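Asker: The lines below spell out each chain.
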Amino acid sequence: MRRIAAVTVKRRLTTVFLLIALYFIIMLGRLAYVQLIGSEEILAKAEELWSRDIPLFAERGKILDRNGEVLVDNQLAPTLAVVPRQIVNPEEVAKKLADIIPITEEEALKHLTKVAAVEIIHPEGKKLSEEQADQIRMLNEPGIYLAQDSKRLYPHDELLAHVLGFTGIDNQGLMGLEASYDEELKGDRGALSFFSDAKGRRLNQLSNRYSPPEDGNHLSLTIDAEIQSIVERELDIAQAKYDPDGALAIVMDPDNGQVLAMSSRPTFHPAEYQSVAPEVYNRNLPVFSTYEPGSTFKIVTLASALEENLVDLDKDTYYDSGHIKVGGARIRCWHSGGHGSQSYLEVVQNSCNPGFVNLGQKLGKEKLFTYIREFGFGQKTGIDLQGESKGILFKDEQVGPVELATSAFGQGVSVTPIQQVTAVAAAINGGYLYEPYVVKGLIDPATGEVIESKEPTLKERVISEETSSEVRRALETVVAKGTGRGAYLDGYRVGGKTGTAQKVGPNGRYLENNHIVSFIGFAPADDPEYLVYIAVDNPKNTIQFGGVVASPIGGKILGDILRKKDVPKREGGLEKEYQWPDSPKVEVPGLVGEDIKKLRTYLYDLRLDVHGEGDTVISQSPSPGEKVESGSIIRVYLGDPN
Amino acid sequence: MKKHLKNMDYPLLVIILLLSLFGLVMVYSASFVHAGLDPNVNDPAFYFKRQRLWLILGLFVFFFMSMFSYRRLGQLTPLLFLITFLLLLAVIIPGLGVTRNGATRWLDLGFFLLQPSELAKISMVLYFAYALTKKEDRLDSFNKGLLPPLLLLLGVFTLIVLQPDFGTAASIMIACGIILLFAGAKFIHLLGLGSVAIVGALLLILGADYRRERLTSFMDPFADPSGDGYQLIHSLIAIASGKINGVGLANSVQKSGFLPEAHTDFIMSIIAEELGLIGVLFVIISFMVLMFKGVLIAKRAPDQFGRLLALGITFQIISQAIINMGAISGLLPITGITLPLISYGGSSLLITFAFLGILMNIAIKGNIVRGYNREEEVDNSKEKQFKAAR
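Chains as they are written, first to last, in my numbering: chain C, 239 to 880; chain R, -2 to 387.
No lab work stands behind these hints: they were computed from the structure. All values reported here derive from a predicted model rather than from experimental measurement. Treat the hints with care, since some could be wrong.
What the hints assert, rightly or not - Subject to a maximum C-alpha distance of 30 Å in a straight line, what follows is the list of computed DSSO-like cross-link-like pairs (lysine-lysine):
| id | chain 1 | residue 1 | chain 2 | residue 2 |
| --- | --- | --- | --- | --- |
| 1 | C | K348 | C | K333 |
| 2 | C | K248 | R | K(-1) |
| 3 | C | K283 | R | K240 |
| 4 | C | K794 | C | K633 |
| 5 | C | K248 | R | K141 |
| 6 | R | K141 | C | K836 |
| 7 | C | K248 | R | K296 |
| 8 | C | K835 | C | K778 |
| 9 | C | K553 | C | K814 |
| 10 | R | K46 | C | K248 |
| 11 | C | K248 | R | K240 |
| 12 | C | K563 | C | K633 |
| 13 | C | K334 | C | K365 |
| 14 | C | K283 | C | K248 |
| 15 | C | K741 | C | K563 |
| 16 | C | K741 | C | K678 |
| 17 | C | K553 | C | K563 |
| 18 | C | K678 | C | K553 |
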């Protein structure tokens, strides 16, 4: 027989048989792996690559005010989607598309010939106008689809712009509530899937699969559109009248921390946010800006002193000589010559700085700063808005007699408007410090049911009801008899406090003649329902006093709100007092042509704000004959006499 | 005739019928969407009807071949080989070959597209078994024994690779290699030939762009999803969709145009999708049984030619199956080879049935010989008893 033994052949046969059997087992293992273990991953990967899905964009949730008024709406604005494999003549189609949307032929061709299941022409093909959409529909080209999409519509234009924020080209929230509540608003994308063969050609014989998009939830705000528009209007007027560097206002329900209105200037239109500088839309001033509050902060000192029973507003008196010496420094009252002997209630009405220094000293640094912190200063209020600042307080070890004194009347501390409003709300509502908020809840877009709602968050009980009631009484007299008389409303009981805050310049010193004038007020004073804060930064052509600029605006806002909301008029309110400080009002003398040196010696009850070079006054503001409060500033321009 | 039927290997027949009927059902399931939508065909049952016809024809071929003595077939081998070689040459002559999907593999006979590489499978296996049986005592000598058939194999292989049809060429190579292994070639020769084959295969793969790309795409199909990875991705999607029980017969999504060649090269993917792991197990176990039966028949073959032929046939079929299933599951590069007995395709089915008919003939011959021996044994014992009784 052969030289190779039969045994060898048999062994070879067995080996080959076993090897191939082993290969079968490996193959079976591989198939089982693909089917059982790797299955999810492969399918997910494939889905991503090959879904012939025309996207159906979810409708973004609307933003509504507390009464259901639509603040941010949607408008149909389809998106151009192409299925490159279905395009018959890409060059021709590219040419046609270039005529309709702002895209070059080359760019369009790149999209049309891209190796992709579905290509979105981005950004030129997004948010098409109705006209563009019609033209594209009329092309009637295979492979060209209009995907359902929408864009934001702002029925109230600029109203509440900073709070609302805006969205980008893909309807993604970029700023404001649109950004911070993007998850809730955006919803889930759906798709129209069609069956196609390997080349992406549509197979019309087979039915399409439609998976509907899930619309985003509506956002329900605490904002009241009516109040908001009153505020917006008043800020517009203030802007036109005073040409300020900025202005802001907040309206809050003091009983729960709900923000009813919030606005600032300069503002912008959310649909055209790109037309303003980023600082304008980035900064929501009511929560972003920090400055030394000035006299409105005295409410905190007052409430603290009352809570500690350190003062009886009616019985205790304080003598103001016009200044007070603290740690070797002289702290002047804003009213040159001082207010003389006054009860502490009058100290509040007159906003007398030395009087509040005295209250601060009575409290001592530990207690005063404990109250300041308890009222929420030095930390974020936790409002549900982006970009909140926390302000700056003196550290305990930094506080000397001077720091204690200035803090007592609102200088040397840096706070945000929302902190002040939140703190004052606590001071007048019985002592309850709430976390301020603007988002009240989420609403299901289909059923209209509230699916999530936020309750007020009580953070701290700061003062007692009795103290709070004393604070309200004192502040009501400020409006009736003191610096806040500009906000007085006949028949309604209004309480409030003005503020004239000095601004720190870039060199660390206080700026001359550049103030933030403010007013914080509430009504009705016996049971406050509305708390308004208004601040105007560097108003021009006016005396920069809170009582002159801000309190009338505050009064106007409060009055309009009360009337609009049918708040019943009150009886037993305080009568407005007219004698003070009208009496010390002085007539502005004619200064043009006078020598500046001479003026400085004899003009004692007015202050001069000198501009220009030279010795002789060539123009002045206010003009001669106008009545101004004593101590007011007269702006004069110097020049050559000829 | 009666003796033939009596000595048939019925388990083998059952396996063959099971696989081919299962294939017919799957061809229908995999092709009806495609066929129904194709404006040239416009009949969902188009491929089913044709495959049914081929199956009936195939069964005739099978029974004919199972009765046609394989020894007489051996004598026809030189003629058959010559015809095959000429046909393969004809295919690569420009103008004569029919090109589809970038491969020139067919000759148009008017009523039928002939695929000479299918014929080459049968010719080469027959020739190798025949030649190596004749040269049995010269096999120790490389030059005199092995070289002539190897040169012819290389010629046929080259012609098929030129088409290009690397998968078929590779399966022929494997079948012939196995015949060589069992014919009794020296181990050192086999080792040398094996090394040459591996180096050659590597050179071939790296030499042609499309093969290199297929190689890389089977390693990472998702790297080029719309190009080279396309088929494999859809094959994997189909398989992955199947899970254990499958999506149900006729319910495949991938066949509706996503997976090209769903009823031919990728029918196994559709089986995995529609029938799940259960379907996969059925097919793989059936092929393993087929292999086992083939080896058993070879062992019982009455002579060396029958033994080598049975092994060549068995491993020709099995190598096609493993190349095909390896390709659809991403274990091997995609070469465009069908799954024997199951995939749609006339040439392929007829040749496979012819193969299996020959295998059956060897089995019958083996059974008859063994049967005679057994009968003789029985007779002997009776005689002995008879003698003892006397």
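Asker: None of the hints should be skipped; say for each whether it holds.
Answerer: To see whether the hints hold, each was checked on the structure:
In summary, the hint linking K348 (chain C) to K333 (chain C) is supported, as the alpha carbons are separated by about 12 Å, within the 30 Å threshold. Simply put, K248 (chain C) and K(-1) (chain R) have alpha-carbon atoms about 33 Å apart, too far for the 30 Å limit, and the pair is violated. For the given pair, K283 (chain C) sits about 17 Å from K240 (chain R) by alpha-carbon distance, which is consistent with the 30 Å threshold. Taken as a hint, the K794 (chain C) and K633 (chain C) pair is broken in the structure, with Cα atoms around 39 Å apart against an allowance of 30 Å.
The straight-line distance between the Cα atoms of K248 (chain C) and K141 (chain R) is roughly 25 Å, inside the 30 Å bound, and the hint therefore holds. A distance of roughly 135 Å separates the Cα atoms of K141 (chain R) and K836 (chain C); the hinted pair therefore is violated under the 30 Å criterion. Straight-line distance between C-alpha atoms of K248 (chain C) and K296 (chain R) comes to about 9 Å, which keeps the hinted pair within the 30 Å bound. Between K835 (chain C) and K778 (chain C) the CA atoms are separated by roughly 26 Å; this keeps the pair inside 30 Å, and the hint holds.
For the proposed pair K553 (chain C) and K814 (chain C), the alpha carbon gap of about 22 Å is at most 30 Å, so the pair holds. Between K46 (chain R) and K248 (chain C) the CA atoms are separated by roughly 44 Å; this puts the pair beyond 30 Å, and the hint is violated. Distance restraint check for K248 (chain C) and K240 (chain R): the Cα-Cα separation of roughly 40 Å exceeds the 30 Å cut-off, and the hinted pair is therefore not satisfied. A hinted pair counts as satisfied when its Cα atoms are at most 30 Å apart, and K563 (chain C) with K633 (chain C) qualifies at roughly 23 Å.
Between K334 (chain C) and K365 (chain C) the CA atoms are separated by roughly 18 Å; this keeps the pair inside 30 Å, and the hint holds. Distance restraint check for K283 (chain C) and K248 (chain C): the Cα-Cα separation of roughly 48 Å exceeds the 30 Å cut-off, and the hinted pair is therefore not satisfied. In summary, the hint linking K741 (chain C) to K563 (chain C) is supported, as the alpha carbons are separated by about 23 Å, within the 30 Å threshold. Taking the CA atoms of K741 (chain C) and K678 (chain C), the gap is near 35 Å; set against the 30 Å cutoff, the hint is violated.
Annotation: proposed proximity of K553 (chain C) to K563 (chain C) holds, straight-line Cα distance about 24 Å (limit 30 Å). Our distance criterion of 30 Å between C-alpha atoms is broken by K678 (chain C) and K553 (chain C), whose separation comes to about 45 Å.
Checked against the numbered hints given earlier, this structure breaks hints 2, 4, 6, 10, 11, 14, 16, 18; the rest are met.
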